[in-house]
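*Asks:* What follows is each chain in one-letter form.
Protein chains: 2
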Amino acid sequence: MKAIKPQLASGTRDFNQLDMIKRRYVISILERLFKKYSFFEISTPAIENTSTLTGNYGGDGDKLIFNILNSGNYLSKVNDSVSLKNYENITKVISKKALRYDLSVPLARYVALNRNDITFPFKRYQIQPVWRADRPQKGRFREFYQCDIDVIGSESIVSEIEMINIIFDFFNEIKFKNFRVRINSRSIMNSFFGLLKLKNYDDILVILDKKDKVGLEQVVEEIKKLNIEKSSIDIILRLLYLDDKEVLSELCDLGLKSSVQETKNILDMCLTSGLSENVCYDFSLVRGLGYYTGFIVEVDIIDSDFGSVVGGGRYDNLTSVFGLKDVSGIGISFGLERIMILMEENNLFPKDLDKSINYLFLNFGDEYISDYIGLASKLRSKNKVVEIYSKSNSIKKQMIYANKKNVDFVVIFGENEKKSQKILIKNMKTGSQEDIPLDKILNFIQ
Amino acid sequence: MKAIKPQLASGTRDFNQLDMIKRRYVISILERLFKKYSFFEISTPAIENTSTLTGNYGGDGDKLIFNILNSGNYLSKVNDSVSLKNYENITKVISKKALRYDLSVPLARYVALNRNDITFPFKRYQIQPVWRADRPQKGRFREFYQCDIDVIGSESIVSEIEMINIIFDFFNEIKFKNFRVRINSRSIMNSFFGLLKLKNYDDILVILDKKDKVGLEQVVEEIKKLNIEKSSIDIILRLLYLDDKEVLSELCDLGLKSSVQETKNILDMCLTSGLSENVCYDFSLVRGLGYYTGFIVEVDIIDSDFGSVVGGGRYDNLTSVFGLKDVSGIGISFGLERIMILMEENNLFPKDLDKSINYLFLNFGDEYISDYIGLASKLRSKNKVVEIYSKSNSIKKQMIYANKKNVDFVVIFGENEKKSQKILIKNMKTGSQEDIPLDKILNFIQ
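Top to bottom, those sequences are chains D and H. Per the numbering used here, residue 508 is the first one in the first sequence, and the count goes up by one each step. Per the numbering used here, residue 508 is the first one in the second sequence, and the count goes up by one each step.
Warning: the hint list may mix true and false statements.
Stated by the list, open to error - Label-pair distances were calculated between CB atoms; the ranges are: (1) D567/D x G562/H: 32 to 38 Å; (2) C759/D x K925/H: 26 to 32 Å; (3) N685/H x Y532/D: 34 to 40 Å.
Don't read these hints as lab results, they were simulated from the structure. Backbone N, C-alpha and C fix where the C-beta goes; we use that ideal spot for every residue, glycine too.
Chain D on its own, in the form it takes in the complex:
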């Protein structure tokens, strides 16, 4: 018999009972919200063909995809004379499948595959794990959950507003106010950098994207060093120092009124539909170089370096990789793992979340088991959580277990009770006891 040290794979986690109760609490809030906004759940497999995934996340992203070995003799198609130094070429031969890296590319694949059965606009939510072969470190895991909503096949600004509404509803529900919704628009950025006659402004975006991590000052320093016209640098820096409302009017003054209009509309509608002033325009918001083409949004915690807890935006080309063109999409992703930490740090979980067992039957011996089973079944018919203690240990030991498991009531049915056809129910919070005739139990249970 082999004897193995029990251990988790690096970067993965178990979740125990209390962890799961907390995670379910947050997930159920999100699910309820998503449904109210008429997003419905779909599910895609953990495994996708590698060809579906690669090429979508940039070279660095592609390296973080977990590849799955082909079954059987996966080496049979590798030529024996091939040098083993060239692992990247061999990978393509020995691995055709991979674990999904996010939920967006599988969504695009799903939409393209089912285009004829889908009624557009297609609004779906998906709460599933994704996997990344990242170096594990504190708070960064190789398996983690994403909670995504997307609208595919609609260009309506209704989606932008609803995404922001959902964000506010969520924070309202978890009773956390100290957050900020920053929005920007790739269309504004494109026309702004077009105005400056900058064809390739990716390096500027990379610098701006780091603002949350390195701070405004360092961003300014790096922009000053860029090899572009001094006048352009001056304009960029001026915008960075303006507050959000000033930036938008400055951009209008620069002649970008039509590009700015949509973002202004979004901000206005947020205010008129009663959202707080916590929505602001942020000219430096980039959200990576990824696939966004219009509206982008990110939510962070005020006065903290917590990182963003929600993010997303509008993209026009996601499904085109799969041959489905001219379909606009918009989506946001709630970072479950960060939200869990946020809730833990701010004590946002309800107090009695770990209340689990309502009734524990003490065990006075095998001759009573039939009775326990029958009585427990009555209590369960009233949706109570009932456990029958498994052994006729000493009562002291059984009560210690009851305390450990934080049960509401202990049920006592032994020799005396059987004779008198009553059960004794002990309230573990108050310590009070009550005799209940067997045939009155269902009246007692509310």
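Once you've looked at the hints, dock chain H against the given chain D.
*Replies:* Okay, now just chain H, sitting in the frame of chain D:
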């Protein structure tokens, strides 16, 4: 830009909105049940170290484990002179992780790893996907869900009875009566074959295990051919032709009274606790050669070759692989995928499961969007599912969408309604319409 054909990885599935509603329906029944019996959820990662998984499923099982390639240059530790013909040796070097094959071995790893934090008996449920590199075929997938409950660290017969109770509760809940619970006991088998002085009776078990597939007659033929004493063969065959109650008394007569006692107790308690006579003893029930050591159970559909929908048993050695000895466990697994087919074939899903959108706001133009957002938010505050149609298409087109999406009510708010500060709500089932003053909406919504 690459253009890829959108396709699923072989043996995997997407689930659309209606699929998910149905799956959630079944899962929520199981979850509610498991909780009532004081099983609580834990979650383990999809990825485990390969060393944790292999060696537990037999040689054939091990071959069905999906291996994950190490990140980076996974070949760096493979000697360039190594023959590529020997893929099994190379696998150990280039792949250290794998996808879980079931939920039992991860549970054993979890219990061994967390032994000091767990209060025993430990009752957990787990509803998660597992992966097997099996040849995909009709109804057999490479990614599928298992729904497991286990009790670890208790030898009490309470667990056996409760497992059977849960099975009955489940079928009761889905309103399906045509099932049969077969039980057997590895202890009975061990002492019976011991009595016949058969040291290795694995080949008999293999034959018996095929009974559901090949039928009793072929089993009898194969047993006749076995190279064991004629008298032993006669006894085995006699048992196979007896009905379940006769078998047990025959086994008692053979001197196995003490081994049989527990199974008799279980059957008696099932009857006294009000379960139907659908629980029967089946001498030929084997459930593979796996790790079971005592009670085994399987549920199948009467008069069909549907295969088993639930199965499990008691095992004493599962955690010992991880150095945790003398811990008894018992568990059953509900096969979600089979249950889904069973429910579909027997029309067991509630009729209105696909009722999803309560209110659809028709869209009369961008100038009304703020109003729609505000009104929708009021309806959502009453937990209604509300969609705002995304474009100001023709009303006809919007009504077609409303019909496709099977909405309950259509909400009309255009020029006239804005003037009169009323909304028009059309009941899509009855066709009747009602004018509601804007400030009375919340009274109207129940």
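*Asks:* Check each numbered hint from earlier against the structure, then list the numbers of those it violates in ascending order.
*Replies:* Structure breaks no hint.
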